[in-house]
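Quick note, the sequences are listed as chains A and B, same order.
391 is the number that this note's numbering gives to position 391 of the first sequence; each next residue is one higher, with no gaps.
47 is the number that this note's numbering gives to position 47 of the second sequence; each next residue is one higher, with no gaps.
Honestly, the hints are just simulated from the structure, not real lab data.
Remember, predicted model here, so these are calculated numbers, not experimental data.
Hints are not guaranteed to be accurate.
In silico DSS-like links for lysine-lysine, alpha-carbon gap of 25 Å or less [what the hints assert, rightly or not]:
id, chain 1, residue 1, chain 2, residue 2
1, B, Lys205, A, Lys260
2, A, Lys289, A, Lys320
3, A, Lys572, B, Lys146
4, B, Lys91, A, Lys346
5, B, Lys205, B, Lys146
6, B, Lys170, A, Lys14
7, A, Lys14, A, Lys136
8, A, Lys14, B, Lys166
9, A, Lys234, A, Lys320
10, A, Lys136, A, Lys234
11, A, Lys309, A, Lys320
12, B, Lys91, A, Lys260
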Amino acid sequence: MSRAMILEEAPGKKVLLLGNEAFARGALEANVQVAAAYPGTPSSEILETLASVAEAAGIYVEWSINEKVAFEVAYAAALTGLRSMCSMKHVGINVASDAIMVANYAGVEGGMVIISADDPFGHSSQNEQDNRIFAKFSELPCLEPATPQEAKDSVIVGCDLSEKCKLPVIIRSVTRLSHVRGDVELGPLPKEKRKPNLKRDITYTGFPALDHHKLLHERLNSILDDLERVPFNKVEARGGEKVGVIASGVGYNYVKEAAKLLNVEDDVGILKLGVVHPLPTRLISSFLKSYEIIYVVEEGLPFIEEQLKALCYDLEIHPKIFGKLSGQLPLEGELNPEIVAAGLAKILEIDYKPPEPIILRDVEIPRRTLSLCAGCAHLATFYAIKQAIRKEMKGDPRKQSIICGDIGCYGLGLFHPYNMFNTHICMGASIGCANGFAHTGIEQPIIAYLGESTFFHAGMPPLLNAVYNGANIVVIVQDNRIIAMTGHQPSPSSGYNAVGKPAPIILVEDVAKAFKVPFVRVVDPYNVDETIEAIREAIRARCPAVIVARRLCAELARREARRRGITITPPKVDKEKCTGCKYCITQLLCPALIWNESERRVDIDSLLCSGCKVCNKICPQKAIVGGSGIGDL
Amino acid sequence: MTSNRDRITIAISGVGGQGTLLASQIIGHAAIKAGFSVRISETFGMSQRGGPVVSHIRIARGDVYSPLIPLMTADIVVGFEALEALRASLKFLRYGGSVIVNTRIIYPVEVNRGDARYPPLEKILEVLQSIAGEVITLDATELAIKAGNPIAANIVMIGALAALEKLPIKAEDLRIAVMERVPREVEVNLRAFDLGFQAVRKRLKKEEK
Numbered sequence: 001m002s003r004a005m006i007l008e009e010a011p012g013k014k015v016l017l018l019g020n021e022a023f024a025r026g027a028l029e030a031n032v033q034v035a036a037a038y039p040g041t042p043s044s045e046i047l048e049t050l051a052s053v054a055e056a057a058g059i060y061v062e063w064s065i066n067e068k069v070a071f072e073v074a075y076a077a078a079l080t081g082l083r084s085m086c087s088m089k090h091v092g093i094n095v096a097s098d099a100i101m102v103a104n105y106a107g108v109e110g111g112m113v114i115i116s117a118d119d120p121f122g123h124s125s126q127n128e129q130d131n132r133i134f135a136k137f138s139e140l141p142c143l144e145p146a147t148p149q150e151a152k153d154s155v156i157v158g159c160d161l162s163e164k165c166k167l168p169v170i171i172r173s174v175t176r177l178s179h180v181r182g183d184v185e186l187g188p189l190p191k192e193k194r195k196p197n198l199k200r201d202i203t204y205t206g207f208p209a210l211d212h213h214k215l216l217h218e219r220l221n222s223i224l225d226d227l228e229r230v231p232f233n234k235v236e237a238r239g240g241e242k243v244g245v246i247a248s249g250v251g252y253n254y255v256k257e258a259a260k261l262l263n264v265e266d267d268v269g270i271l272k273l274g275v276v277h278p279l280p281t282r283l284i285s286s287f288l289k290s291y292e293i294i295y296v297v298e299e300g301l302p303f304i305e306e307q308l309k310a311l312c313y314d315l316e317i318h319p320k321i322f323g324k325l326s327g328q329l330p331l332e333g334e335l336n337p338e339i340v341a342a343g344l345a346k347i348l349e350i351d352y353k354p355p356e357p358i359i360l361r362d363v364e365i366p367r368r369t370l371s372l373c374a375g376c377a378h379l380a381t382f383y384a385i386k387q388a389i390r391k392e393m394k395g396d397p398r399k400q401s402i403i404c405g406d407i408g409c410y411g412l413g414l415f416h417p418y419n420m421f422n423t424h425i426c427m428g429a430s431i432g433c434a435n436g437f438a439h440t441g442i443e444q445p446i447i448a449y450l451g452e453s454t455f456f457h458a459g460m461p462p463l464l465n466a467v468y469n470g471a472n473i474v475v476i477v478q479d480n481r482i483i484a485m486t487g488h489q490p491s492p493s494s495g496y497n498a499v500g501k502p503a504p505i506i507l508v509e510d511v512a513k514a515f516k517v518p519f520v521r522v523v524d525p526y527n528v529d530e531t532i533e534a535i536r537e538a539i540r541a542r543c544p545a546v547i548v549a550r551r552l553c554a555e556l557a558r559r560e561a562r563r564r565g566i567t568i569t570p571p572k573v574d575k576e577k578c579t580g581c582k583y584c585i586t587q588l589l590c591p592a593l594i595w596n597e598s599e600r601r602v603d604i605d606s607l608l609c610s611g612c613k614v615c616n617k618i619c620p621q622k623a624i625v626g627g628s629g630i631g632d633l
Numbered sequence: 001m002t003s004n005r006d007r008i009t010i011a012i013s014g015v016g017g018q019g020t021l022l023a024s025q026i027i028g029h030a031a032i033k034a035g036f037s038v039r040i041s042e043t044f045g046m047s048q049r050g051g052p053v054v055s056h057i058r059i060a061r062g063d064v065y066s067p068l069i070p071l072m073t074a075d076i077v078v079g080f081e082a083l084e085a086l087r088a089s090l091k092f093l094r095y096g097g098s099v100i101v102n103t104r105i106i107y108p109v110e111v112n113r114g115d116a117r118y119p120p121l122e123k124i125l126e127v128l129q130s131i132a133g134e135v136i137t138l139d140a141t142e143l144a145i146k147a148g149n150p151i152a153a154n155i156v157m158i159g160a161l162a163a164l165e166k167l168p169i170k171a172e173d174l175r176i177a178v179m180e181r182v183p184r185e186v187e188v189n190l191r192a193f194d195l196g197f198q199a200v201r202k203r204l205k206k207e208e209k
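Bound-form chain A, shown alone:
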């Protein structure tokens, strides 16, 4: 994305924007002056885009330490009458929920939107949670845009609604909106900024809970008419169709595509819902009454479908309702044109079989599992952990230890060929779970593995808990100075903030020492022997221990090497010495180490290799020599 485009004062111009960039542009058009977030796929680019233009636009943008703090920062700004936004991935809402569940009672003054980027299929997430349910749970209005254009406009509509009813408004995105690029027509940017003004005679609180709960309902009810008229709701019917389709958000796109695929565009009437909580019941009721067959297409749980059935009871009508509950659509995973078409075909009783990908009989296509980057410090640290356990416990690391994983690139450690982790739950849960394992009486070493950003996000309380309650665990924090997984957003150890301004470098070891962790060690994972030794010592110490393995993210390191004029030259494999034992390939699992079948020895892919030279150090034959690159930083 060209940053200039986001700030362009060109109403009516069409530009190509990522859904998340469109949300950011929408925030600017809506006059949002404070935005905060914690990065997480598929939401990260929203704040990233705003951060890149924050200074020029004269707004405040921050990467907060976690989603709860992000919500609170944006919430406070909205109390002063400014417009504000916080954005996060779906599971981020869980972290923020403690505050949201009272802020809904206390309300806002300036318009505030919360963007929840859900991830049906869990492309880059540990679950598929549908946060429309959270909108119902917190009783906040919820919009669900369908296209990048609507993504942009939803922030403006959301802020207007929020101001009118004095409640934060949730905007639900999904992967296939946040990460889709499309044409977006720009609107005008506001001319004037607002001045903050906190009404000091009001106390913003949930107390007394009963009164404030009533207030929440009054506020919500006050905008029911407005929700019916939100432009993202749309009826497309000419009369005479056989089936009425009710679709929300991205589902609408698949319905249009499916109708075309099946050539039944004239047979379906469509009610497109852009408001999903509270449902625009008047609009829905009149649509429901027009059809005997209803097909509900929504991404996630049967959220609308269930409510429709209740609505039909009140209306005393009995259309057949098909969707996820009736098995026409799957309850898990992401929708696509074929799935939606198959459901529609069944309802219309027409023959449709989605085209099947070609299966080859004589060629086997190998899988290509994801891997960590060549030269990634996690690879070296994973290796060191396994070696330390092997040496200390004399046996298979998998059987001789418990390793609790966490959320980050290193989450790949869960999968083959790494097979590193026994648990992988949520941010900070590596240390939290390790705490629990430690008190069960398990004899083997218990290791918690996480990155520095995850540590700051949710790892500090469980570490303090380990010290306070005497949990015998080894916490290994891989500090790569950046939030790599979500696209290199800065972390507290980066030395700069969201808008690129210098920030104090906060070191994990300083926090650990302040928490009175009895064993704290900082190592360089590229110094393989030193790292193995440190982990062995930590295991032997039988006390809460923290090892900080510090190495810049390999991708950043490649850039840094280029800047410093260090050329990346892969090490050479000595043909005479390489016995083809594959130790480097199977133990380090660096994607740059490739197997030369004809010569039965190891080669190094010159384009992938980063020159970390960890393979030189671990080769049992000392057959890998020389090279330069990020290992020289």
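For chain A, the structure is supplied; the task is to place chain B on it using the hints.
This is chain B only, laid out in the frame that chain A set:
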């Protein structure tokens, strides 16, 4: 020569980190400037590198709906890596569509560990020939190195795609889009574009004779 079709679907496939996303943005940018509606979406695993990536590009006069390509409907598959060209073609290419393949191989970790075999390149191309209307090969990585940076292989592939003349966008407009969307190393990228373009033009001319 440019096709006057008003609706085209392209799948760009490759390995995470190869720049499929940037390539699809450049094409989308050019398409919007030419007055088309566009939807582009990427399918991948987690957020990391190294896995198979398919960028779905749908361009049309009028509305485009699904951000995902319906199965077996892509007019063109642009494969940044041979095996991934095959994988995507089996799923998305319509019968008789075109395939452009970068012949530079990136081995999956499974192959390096010896858990799987990488099919011979000739076999991959043979299968592609049997399902596509045309298959064009080039070593985009080599050409990118010639242009000045191996990273520019994705721009070489855009040049190659432009030379195919199947897009409703002029080659020159794609070239301008490269300049506009990638402000860094403009000269390297334009050289990369031209090398990809020429490689395919030469190939197609030979076939015409």
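Original post:
Taking only the CA atoms, is the gap from Lys205 (chain B) to Lys146 (chain B) under or equal to 25 Å?
Top reply: With Cα atoms ~22 Å apart, Lys205 (chain B) and Lys146 (chain B) stay inside 25 Å; holds.
**OP:** Sort out whether Lys166 (chain B) lies within 25 Å of Lys14 (chain A), counting only the CA atoms.
**Re:** Holds: Lys14 (chain A) and Lys166 (chain B) sit about 24 Å apart, inside 25 Å.
**OP:** Please work out if Lys14 (chain A) and Lys136 (chain A) have their alpha carbons no farther apart than 25 Å.
**Re:** Not satisfied, since the Cα-Cα distance of roughly 35 Å exceeds 25 Å.
Subject >> Given hint Lys320 (chain A) paired with Lys289 (chain A) - CA-CA distance at most 25 Å >> reply: Judged against 25 Å, a Cα distance of about 11 Å means the pair holds.
Subject >> Pairwise hint evaluation, Lys234 (chain A) against Lys136 (chain A), where the allowed Cα distance is 25 Å at most >> reply: With Cα atoms ~22 Å apart, Lys136 (chain A) and Lys234 (chain A) stay inside 25 Å; holds.
Original post:
Between Lys234 (chain A) and Lys320 (chain A), is the straight-line Cα distance small enough, at 25 Å or below?
Top reply: Roughly 22 Å separates the two Cα atoms, so the pair holds.
Original post:
Between Lys205 (chain B) and Lys260 (chain A), does the CA-CA distance stay at or below 25 Å?
Top reply: violated, 38 Å
**OP:** Below or equal to 25 Å on CA atoms is what counts here, so check Lys170 (chain B) against Lys14 (chain A).
**Re:** Status holds; Cα separation ~19 Å.
Original post:
Given the hinted pair Lys91 (chain B) and Lys346 (chain A), is their alpha-carbon gap at most 25 Å?
Top reply: Status holds; Cα separation ~23 Å.
Original post:
Is it true that the CA of Lys572 (chain A) sits at most 25 Å from the CA of Lys146 (chain B)?
Top reply: With a Cα-Cα distance of about 23 Å, the restraint between Lys572 (chain A) and Lys146 (chain B) holds, given a limit of 25 Å.
Original post:
Is the hinted pair Lys91 (chain B) and Lys260 (chain A) satisfied, with a Cα-Cα distance of at most 25 Å?
Top reply: Satisfied, since the Cα-Cα distance of roughly 20 Å is no more than 25 Å.
**OP:** Assess, step by step, whether the Cα of Lys309 (chain A) is no farther than 25 Å from the Cα of Lys320 (chain A), and give holds or violated.
**Re:** Cα-Cα ~10 Å, so holds.
Checked against the numbered hints above, the structure violates hints 1 and 7; every other hint is satisfied.
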